[in-house]
Amino acid sequence: MWHQIREVYFYREMLKNLVSKELRARYKGSVLGFLWTFFNPLLMLIVYSVVFSFIMRIETENYAMFLFVALLPWNFLSSSIMQGAASLVQNGSLIKKIYFPREILPLSIVIANLINYLLSLFILIPALIFFKIKITPAILSFPIVLFTMVLLVMSLTLLISIANVYFRDLEHIVSILITAWFFLTPVLYSSEYIPESVRSYFYINPVTHLIEAFRSVFYEGAWPQWATLGYLTLGVAVLFLISLITFNCLQKAVAEEI
Amino acid sequence: MKSSSKNAVEITDLWKKFYIYHDKVNSLKDRVIFWHRQRRDEFWALRNINLVVPKGKTVGLIGRNGSGKSTLLKIISRILYPTKGTVSVKGRISTLLELGAGFHPDFTGRENIYLNASILGFTRKEIQQRLEDIISFAELGSFIDNPVRNYSSGMYTRLGFSVAVHVDPDILLIDEVLSIGDLAFQEKCLARIRTLQKQNKTIIFVTHAPGQIEDLCDLAVWLDKGEMRAAGSAGEVAREYISFMDNLSRHGQC
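Respectively, the protein sequence lines represent chains A and B.
Residue 35 in numbering that gives the first Met the number 0 sits at position 36 of the first sequence; the count goes up by one each step and never skips.
Residue 5 in numbering that gives the first Met the number 0 sits at position 6 of the second sequence; the count goes up by one each step and never skips.
Chain B extracted, bound-state conformation (with noise of 0.2 Å):
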């Protein structure tokens, strides 16, 4: 495939296999006891999969649980390393993967942003400029000056979301977490992707919902054992998804 700088993510070829380990042995002393004697399977979570995103395009991954979608989402991130295949990045990634990953307990919120900007990759200064709106989108009022051990499960995701989608990345990877916070919350959540949608950015995300695929995304894969079922046009991929799905329950085989 020819490289093109049009493209932020170019994935060529891509291959996952994981080793499903029926006793896993991690100690120095079972591996050299039961070197080679153990008991492992093959498992591939991506096949061939070759993916272009076009820079400013949003994409949505979907499919059934186990489909291999956040598989390929770190791999993307660089989280996993592919087993064949090459995956080309172009531009500065922030991951959604799980929100407030790498906050320290004990620190501040507004220590934490710190923290967690820095994580993705950010300097001071980047994030300086930042910080006033990543702390009114967080909502959190004075509470942004406690420890985050007393933060509440919705303010502590709350603070992860504002800050990786503050950070002014050019990739954002958001994994299954639109369904954060209350209604009001989610509402401002959808509106930020559209605002960064606005301003070009690259979007992939994942989701079992093929309404939020029809409504967020340029383009859509639909994933399924790990192969690519369909790619194209996101309408179209979430009606052929919808009616796969519609026909799996009338057949009760969900």
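Pulled out of the complex, with its shape left as it was, chain A reads as follows (with noise of 0.2 Å):
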């Protein structure tokens, strides 16, 4: 395992272009070009406080930015793992061709759509300020918060990636699961407004506990809840050292399976 974030790092050069790659071919040929990293969100925000404080009014003060504070992380989280579910099994043929860690593939998607999140808050901060939304010292304890998030991310992208490789319907079967979770993941609505005999159970979902620090941090100025983090850091690190010792068992036939 060492070995392998050694090699990781070693070819920390390929990582690093296969992200740029990502970020740029994304808007490549469009006239807006990378502006279009932030005309999305910017379009999303606009969008969600036109709808729901003139067509659809929800009682929640300031509701969009209730949503949007809460989305983003989400499209992080889900958009990483779509996108990442297939980036073995489309580079097939460089797999097959030259030897490098492949746990770069999935890796640089995480890693470019971690980009476009930390980018979007250049809207996310400004539309804080515009709604008159408390920025608090709670604040300090995003990176934290993010930190978590992103070693989520990466351990799920990087045991979908390679289960895709052996069963290939499975990035089908993830999109469908990953809309699925959505609803049951406290980010269009509060966690309070979930009955209370079933309440636990959207507790048993690690992402729960996640949005909701992220709103805590930005929408409600408060610090998360330090204990339940600290387990979740803790239980997620493992999740993330399970994941690179399942990758690398499973890596090494992908030459031939792809």
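Simulated from the structure, these hints should not be mistaken for laboratory data.
Using N, Cα and C, we set each Cβ at its ideal position, and we do this for glycine too.
Heads up, some of the hints might be wrong.
Stated by the list, open to error - Quick list of the computed label-pair ranges, beta carbon to beta carbon:
1. B/D181 to A/R11: 30 to 40 Å
2. A/L120 to B/R123: 44 to 54 Å
3. A/F201 to B/D12: 38 to 48 Å
4. B/R63 to A/G91: 26 to 36 Å
5. A/F130 to B/R123: 40 to 50 Å
6. B/R191 to A/Q3: 52 to 62 Å
7. B/D12 to A/L120: 52 to 62 Å
8. B/D214 to A/H171: 48 to 58 Å
9. B/T194 to A/F9: 46 to 56 Å
Said to hold, decoys possible - Derived lysine-lysine pairs resembling DSSO-like cross-links, with alpha carbons at most 27 Å apart:
10. B/K89 to A/K251
11. A/K251 to B/K197
12. B/K187 to B/K124
13. A/K95 to B/K89
14. B/K16 to A/K95
15. B/K28 to A/K95
16. A/K251 to B/K224
17. A/K251 to B/K187
18. A/K95 to B/K224
19. B/K197 to B/K187
20. A/K15 to A/K251
21. A/K20 to B/K224
22. A/K15 to A/K27
Grab the two chains, each in its own frame, and use the hints to assemble them into the complex.
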């Protein structure tokens, strides 16, 4: 496993190039180019605030922001997993021709999406100020919340991408599961709306805790629940180790299976 | 076998098995339904290969189609893993299995040099030092700043070859790519390989042509149906191979 991490580090230039390829190729040939990275969340925010303050009025104060704060990290998770699921299979011709640590392919997808998320903060922070939501010192805990989120997304993307080599219909199954997962995570709604009899089940879902932490840091201006976050980080770290080991075991036959 | 720092590649008792599926199922649904009912045959692509490549030597792998040459090359470069046995490699490998693998069509030649060299495991600084050499060797002129999707197939492979031979690997693996481009470019490729030989690089290459073995290699290995038929000095192995092939064609078994 240390060997694996060292190998990825040794190939960091490739990782960097693939991330920048991912980011640039997405908008290559479009007039606005890289600016789309900012326009996407901005347009999203404008649409939500129009819809939810004029058409479908929701009692939650500043619902557009309530949603936006949670939707951005959720989109980071879902697009990483969905693009990452296909990353090994799509690059089959490369895998068959050249040796490189195969982890690079799914990881480059996660990092590209992470950068997209971080850039969307340039829209999020001014929007918070615009909607007069107080930014408190709690924002300092953002890096910790983000770290746990990134570790979780990396683990899931590694596992699903390697499993997809052996079970090709997985990427389609995953896209359906992610939609279901979205509605079972309090992104659109506050966890207070969940009937109390089933609420504890929702907290089995690690993303529930993370989304609540993001919301607490940005929207409520309160510190996240440290104990929960601590256990979660520990659990996610174990998951990350498991995913690295699993990936390493299964990747040996990848060039033959693709 | 005793490990020695004088050897770039040591292969001990290597076996490689492939499965040949008659109806390969790849989906979760099919795997559940056809659990343990898949028909597959075993196929040993390599049997009991023992090979030592000393540092700085050029070794040719020769053999007919399907003799396991490319499989062996892929195992050395860690694209495939051995079923049994060990392979130890000392030094950085650059592989020329297919030229321009990993090029992105929308990126310019220059951008693709960085991309391609980084896939081979090289840092930006190392690439920058060699950028001019790579560009001039590929003879692309002003095309270097055009997207590679506008390249002809010749330009594409020239750029791929140029990157692979300039990144300063310790070990270079070449799979039948010496027949690219026009004659002038082939000459240039051979000259480049001779330069690398003089720089004491280890080269392993696969070919059908005994002439190239005699021409370029110090040592040669003749593979036949996954087994080593002969190994030794390049001239001897090449002659054995030629007489074997002559025999075959005379008896019409080819």
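Exercise for review: Go ahead and decide if the range 48 to 58 Å is satisfied by the Cβ distance of B/D214 to A/H171.
Suggested key: Holds, at about 52 Å.
Check your understanding: Within a Cα-Cα threshold of 27 Å, do A/K251 and B/K187 meet the stated pairing?
Key -> 36 Å, violated
Check your understanding: Is it true that the CA of A/K95 sits at most 27 Å from the CA of B/K224?
Key -> Measuring from Cα to Cα gives roughly 22 Å; hence the hint holds.
Review point. Does the Cβ-Cβ separation between B/R191 and A/Q3 fall within 52 to 62 Å?
Key: With Cβ atoms ~34 Å apart, the hint is violated.
**Study point:** Distance restraint evaluation - A/F201, B/D12, Cβ atoms, bounds 38 to 48 Å
**Key:** 55 Å, violated
Practice item. For the pair supplied as a hint, A/K15 and A/K27, confirm whether the alpha-carbon distance does not exceed 27 Å. Key: With Cα atoms ~18 Å apart, A/K15 and A/K27 stay inside 27 Å; holds.
Review point. When you check the alpha-carbon spacing of A/K20 and B/K224, does it fall within 27 Å?
Key: With Cα atoms ~42 Å apart, A/K20 and B/K224 exceed 27 Å; violated.
**Study point:** Whether the CB-CB distance between B/R63 and A/G91 falls inside 26 to 36 Å
**Key:** 27 Å, holds
Check your understanding: Is the Cα-Cα distance between B/K89 and A/K251 27 Å or less?
Key -> Cα-Cα ~20 Å, so holds.
Check your understanding: Given the hint that B/K197 pairs with B/K187, does the C-alpha gap stay at or below 27 Å?
Key -> 15 Å, holds
**Study point:** Agreement of B/K16 and A/K95 with the hint, judged by alpha carbon distance not exceeding 27 Å
**Key:** This hinted pair holds, its Cα atoms lying about 17 Å apart.
**Study point:** Straight-line alpha-carbon gap B/K187 to B/K124, limit 27 Å
**Key:** 26 Å, holds
Against the hints set out earlier in the document, violations occur for numbers 2, 3, 6, 9, 11, 17 and 21.
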